[in-house]
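Student: Sequence:
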Amino acid sequence: MSRMNPDLDRLQPYPFEKLALLKQGVTPPAGLEHISLGIGEPKHPAPPFVLDVLRENLDKVSVYPTTVGMLELRQSMADWCTRRFKLQDGSLSAERHMLPVNGTREAIFAFAQAAIQRSPDALLMLPDPFYQIYEGAAYLSGAEPYYLPCLPEHGFIPDYDAIPADIWKRTQLLFVCSPGNPTGAVHNMEQLKKLIALADEYDFIIASDECYSELYFDEEKPPVGLLQACAELGRHDYRNCVVFHSLSKRSNLPGLRSGFIAGDAELIEPFLLYRTYHGGAMQIQHQLASIAAWNDEAHVLENRSQYRHKFDAAIKVLSPVLDVKTPDASFYLWTPTPIDDDQFTRGLFEQQNLTVLPGRYLSRPMADGRLPGAGFVRMALVATVSEVIEAAERIRRYVETL
Numbered sequence: 001m002s003r004m005n006p007d008l009d010r011l012q013p014y015p016f017e018k019l020a021l022l023k024q025g026v027t028p029p030a031g032l033e034h035i036s037l038g039i040g041e042p043k044h045p046a047p048p049f050v051l052d053v054l055r056e057n058l059d060k061v062s063v064y065p066t067t068v069g070m071l072e073l074r075q076s077m078a079d080w081c082t083r084r085f086k087l088q089d090g091s092l093s094a095e096r097h098m099l100p101v102n103g104t105r106e107a108i109f110a111f112a113q114a115a116i117q118r119s120p121d122a123l124l125m126l127p128d129p130f131y132q133i134y135e136g137a138a139y140l141s142g143a144e145p146y147y148l149p150c151l152p153e154h155g156f157i158p159d160y161d162a163i164p165a166d167i168w169k170r171t172q173l174l175f176v177c178s179p180g181n182p183t184g185a186v187h188n189m190e191q192l193k194k195l196i197a198l199a200d201e202y203d204f205i206i207a208s209d210e211c212y213s214e215l216y217f218d219e220e221k222p223p224v225g226l227l228q229a230c231a232e233l234g235r236h237d238y239r240n241c242v243v244f245h246s247l248s249k250r251s252n253l254p255g256l257r258s259g260f261i262a263g264d265a266e267l268i269e270p271f272l273l274y275r276t277y278h279g280g281a282m283q284i285q286h287q288l289a290s291i292a293a294w295n296d297e298a299h300v301l302e303n304r305s306q307y308r309h310k311f312d313a314a315i316k317v318l319s320p321v322l323d324v325k326t327p328d329a330s331f332y333l334w335t336p337t338p339i340d341d342d343q344f345t346r347g348l349f350e351q352q353n354l355t356v357l358p359g360r361y362l363s364r365p366m367a368d369g370r371l372p373g374a375g376f377v378r379m380a381l382v383a384t385v386s387e388v389i390e391a392a393e394r395i396r397r398y399v400e401t402l
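Residue numbering for the sequence shown follows full-length UniProt numbering, beginning at 1 and increasing consecutively.
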């Protein structure tokens with residue numbers, strides 16, 4: 001019998017472990033170089049000016065960083081958030097409403113541990129299909145996950161109207177993922193305002209994971225955010241609301257492990273206390289590099305331009321054989337498959353030496369037994385333009401054999 005926390009036994013294998021088992025025993029064509037669209041790891045070059053700041057400050061490894069982070073960093077993040085989401089000037093205070101985090105993954109997981117008040121009835125709501133960290137955060141916080149199906153008939157946004165009052169009453173924390181992973185769907189302003197009203201009525205926290213918010217396709221229509229909805233409501237204290245943002249996707253800096261949590265100061269203050277014990281301080285050289293990244297938009301515009309080109313090229317190749325559409329945002333194509341998604345993935349690897357991720361691996365069964373992610377694959381268009389076009393051509397050739 002394990003002497004560790006028994007909730008660890010509830011954690012399910014990560015999707016990529018399942019994917020490795022699916023591909024086990026399959027020998028792809030030796031003449032085709034492997035292309036992976038399976039992992040959502042940005043492959044565009046990091047901004048050179050950010051790397052320069054890192055190099056110039058390597059001596060800072062001899063200094064202990066503080067958990068709260070440099071005020072200059074928090075100010076740069078607050079200023080960016082205020083500009084991007086049209087917040088009231090000064091309402092998002094660097095001193096009270098912002099915390100740097102080592103990437104949104106660790107912060108999302110840690111926030112649930114600090115936010116959940118343990119009880120047998122505690123629920124943590126999360127979208128389905130989902131980023132698996134949400135589920136693990138629920139289990140280790142002592143809450144029960146409550147899955148919200150994201151189905152095509154609702155634009156891949158949960159049907160919040162279908163949730164009974166007794167479930168809302170038990171909910172302590174709601175994870176929103178907008179733009180969504182894996183679907184790319186974006187909550188609109190009215191949906192976010194509705195959730196804020198529900199949070200007031202039933203007294204729960206909304207934690208919005210917005211790390212794909214800067215990967216969109218129409219420069220005139222950037223995805224709205226939770227704090228932006230608060231601002232439109234005149235809710236300048238951001239009560240019950242926090243957001244997570246990251247430089248990983250926005251600035252092609254996944255290895256920097258740099259992001260932030262922002263929002264309700266009455267939630268940020270105790271979370272800082274938790275992080276002080278948890279050891280969540282960001283290295284000073286990473287803080288300085290992050291300031292440079294948050295203060296620049298030119299590289300973000302170029303990043304979006306590259307993704308726009310890749311999506312246009314991939315969809316042009318694939319649309320004659322698959323129902324592919326440009327998502328609201330993100331770098332994923334969430335694509336229906338003509339056969340079971342896991343068999344599609346295995347056959348594609350076997351015939352074309354190309355990896356995608358079956359949607360069922362990102363999903364849990366609904367009450368009727370259906371998996372919201374089944375029948376889809378997630379394609380991460382993170383490779384170079386030429387590789388994405390080559391990948392699309394291989395997928396098309398494979399589909400034409402089915």
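Everything labelled a hint here was simulated from the structure, so no lab data went into it. Among these hints, one or two may not hold up.
[Unchecked claim] With a cut-off of at most 16 Å between alpha-carbon atoms, the simulated EDC-like pairs for lysine to aspartate or glutamate come out as follows:
(1) Lys86 / Glu302
(2) Lys325 / Asp59
(3) Lys193 / Glu232
(4) Lys23 / Asp340
(5) Lys43 / Glu302
(6) Lys43 / Asp340
(7) Lys193 / Glu220
(8) Lys316 / Glu232
Keep in mind that this is a model prediction, so the values were computed, not measured.
Student: Work down the list of hints and note, for each, if the structure agrees.
Tutor: Verification of the supplied hints:
1. Distance restraint check for Lys86 and Glu302: the Cα-Cα separation of roughly 22 Å exceeds the 16 Å cut-off, and the hinted pair is therefore not satisfied.
2. Restraint check for Lys325 and Asp59: the C-alpha separation of about 47 Å exceeds 16 Å, so the hint is violated.
3. For the suggested pair Lys193 and Glu232, the alpha carbons sit about 9 Å apart, so the restraint of at most 16 Å is met.
4. Among the hinted pairs, Lys23 with Asp340 is consistent with the structure: their alpha-carbon atoms are about 15 Å apart, no more than 16 Å.
5. Restraint check for Lys43 and Glu302: satisfied, since their Cα atoms lie roughly 14 Å apart, inside the 16 Å limit.
6. A hinted pair counts as satisfied when its Cα atoms are at most 16 Å apart, and Lys43 with Asp340 does not qualify at roughly 29 Å.
7. Distance hint between Lys193 and Glu220 is unfulfilled; the C-alpha atoms sit about 21 Å from each other, more than 16 Å.
8. This hinted pair does not check out: Lys316 and Glu232 have alpha carbons roughly 38 Å apart, beyond 16 Å.
Of the numbered hints given earlier, the model fails hints 1, 2, 6, 7 and 8; all others are met.
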